[in-house]
Amino acid sequence: MDNVCVFDGHNDSVLFMVDYEPTGRDFLARSEEGHLDLPRALEGHLAGGLFAMSTHPEREPEDDLTITSNGYEVRYADALEPAHARRQIDGQLSAIKGLIKRSNGRIRLATSVKDIKAAQIEAAFALVLHMEGAEAIEPDLEYLDTLYDAGLRSLGIVWSRPNIFGYGVPFAYPRSPDTGPGLTDLGKNLVKRCNDLGIMIDVSHLNERGFWDVAALSTAPLVATHACAHAVCPSTRNLTDRQLDAIRDTDGVIGLNLAVNDIRPDGHLDDDTSLDVVVRHIEYLVSRMGADKVALGSDFDGAVMPRQIKDASGLPRLIEAMRKGGFDELALRKFAFDNWLRVFGLTWADGRIAVSRQS
6 MDNVCVFDGH
16 NDSVLFMVDY
26 EPTGRDFLAR
36 SEEGHLDLPR
46 ALEGHLAGGL
56 FAMSTHPERE
66 PEDDLTITSN
76 GYEVRYADAL
86 EPAHARRQID
96 GQLSAIKGLI
106 KRSNGRIRLA
116 TSVKDIKAAQ
126 IEAAFALVLH
136 MEGAEAIEPD
146 LEYLDTLYDA
156 GLRSLGIVWS
166 RPNIFGYGVP
176 FAYPRSPDTG
186 PGLTDLGKNL
196 VKRCNDLGIM
206 IDVSHLNERG
216 FWDVAALSTA
226 PLVATHACAH
236 AVCPSTRNLT
246 DRQLDAIRDT
256 DGVIGLNLAV
266 NDIRPDGHLD
276 DDTSLDVVVR
286 HIEYLVSRMG
296 ADKVALGSDF
306 DGAVMPRQIK
316 DASGLPRLIE
326 AMRKGGFDEL
336 ALRKFAFDNW
346 LRVFGLTWAD
356 GRIAVSRQS
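Per my numbering: the sequence shown ends with 364, consecutive numbering throughout.
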């Protein structure tokens, strides 16, 4: 059987690149640290992905995890100052540009489906810019336009903290994702502006009321780049059946998050999580949403991975486990690659124009 080509909906690898963090890893060289670099991507038949730019406080909080009798709670993160956030995003954007230049054509910035397909044909890695949390954007939204011009094509309104646009879910298990208010008026304006520009809106990390505000306002398919099913693993980060149905009904997609604590029914942070458990979670999503609506959103370099996958080089083991679990080759190609390109085509400005011309 031919190798299955993979496109990944989420990683946090930018934070660990030497281009951004002097003590970080060289993305162009193979490492045993972390989950993703170009050599391991090639070993895993990973052809591209959404690379998250994200912001963090100057000092990470201490003792923010509480173990409960049946799960865990993480103290809700504090909001960030826009100027502090923008400095980080500017630095990460510069790092990505530097990496692409250093790669001598091996990595390409992709802003269209055409770009991704061309990179695949020419054996280059397609990097799509995503921003996880809109803290760096101020009320006038001018910085959003600046980022779009720089290549941004996907935006998560929040990470798991509040900002001027909405409220992220605090990390907790077991608990409902209905944890607070919906989008602010500024958040609703942000949704509309993303629609106008053709920026994909990511509902990952957004609380349930915020999700339904996006669903009511957005003219694009609903997308969660990295999430799982709350019915299987009842963490706040996962989506209820009703939310999954809404994604399905808007022709959207969910990227399966490989974070073990969001895949396992018991919510345990245990890398000894078998591929059978992962495949059963995928089966649940596909049975609920259909094979066209489920893809991969690994969260490489941002979560604990199942030991049998370990890193990007282990993706063929996931594909083979799905094959053994009964997924045929068409279903595997949809999960691994095609479903992302389909939703990009329905969301990004160039894709919408192409679709309208064909209709």
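To be clear, the hints were calculated from the coordinates, so they are not data collected in a lab.
Treat each hint with caution, since some may be false.
Claimed, not checked - Okay, derived cross-link-like pairs now, DSBU-like style, lysine-lysine, Cα gap no bigger than 35 Å in a straight line:
1. K193 / K329
2. K329 / K122
3. K315 / K193
What the hints assert, rightly or not - For each label pair, taking beta carbons as the anchor points, the in silico distance ranges come out as:
4. K122 / A155: 45 to 53 Å
5. D68 / P144: 32 to 40 Å
6. R312 / R111: 41 to 49 Å
7. R322 / A123: 23 to 31 Å
Glycine is no exception: its CB is placed at the ideal position from the N, C-alpha and C atoms.
Here's how the hints hold up against the structure:
1. For the proposed pair K193 and K329, the alpha carbon gap of about 44 Å is over 35 Å, so the pair is violated.
2. The hinted pair formed by K329 and K122 meets the criterion: a straight-line CA distance of about 28 Å does not exceed 35 Å.
3. Among the hinted pairs, K315 with K193 is inconsistent with the structure: their alpha-carbon atoms are about 39 Å apart, more than 35 Å.
4. Taking 45 to 53 Å as the suggested C-beta distance range, the pair K122 and A155 does not conform, at roughly 22 Å.
5. Distance hint for D68 and P144: a CB-CB separation of about 34 Å, consistent with the stated range 32 to 40 Å.
6. A beta carbon spacing of about 29 Å between R312 and R111 contradicts the range 41 to 49 Å that was offered as a hint.
7. Range check, R322 to A123: about 29 Å between beta-carbon atoms, so the 23 to 31 Å window is met.
This entry does not satisfy hints 1, 3, 4, 6, going by the numbered hints stated previously.
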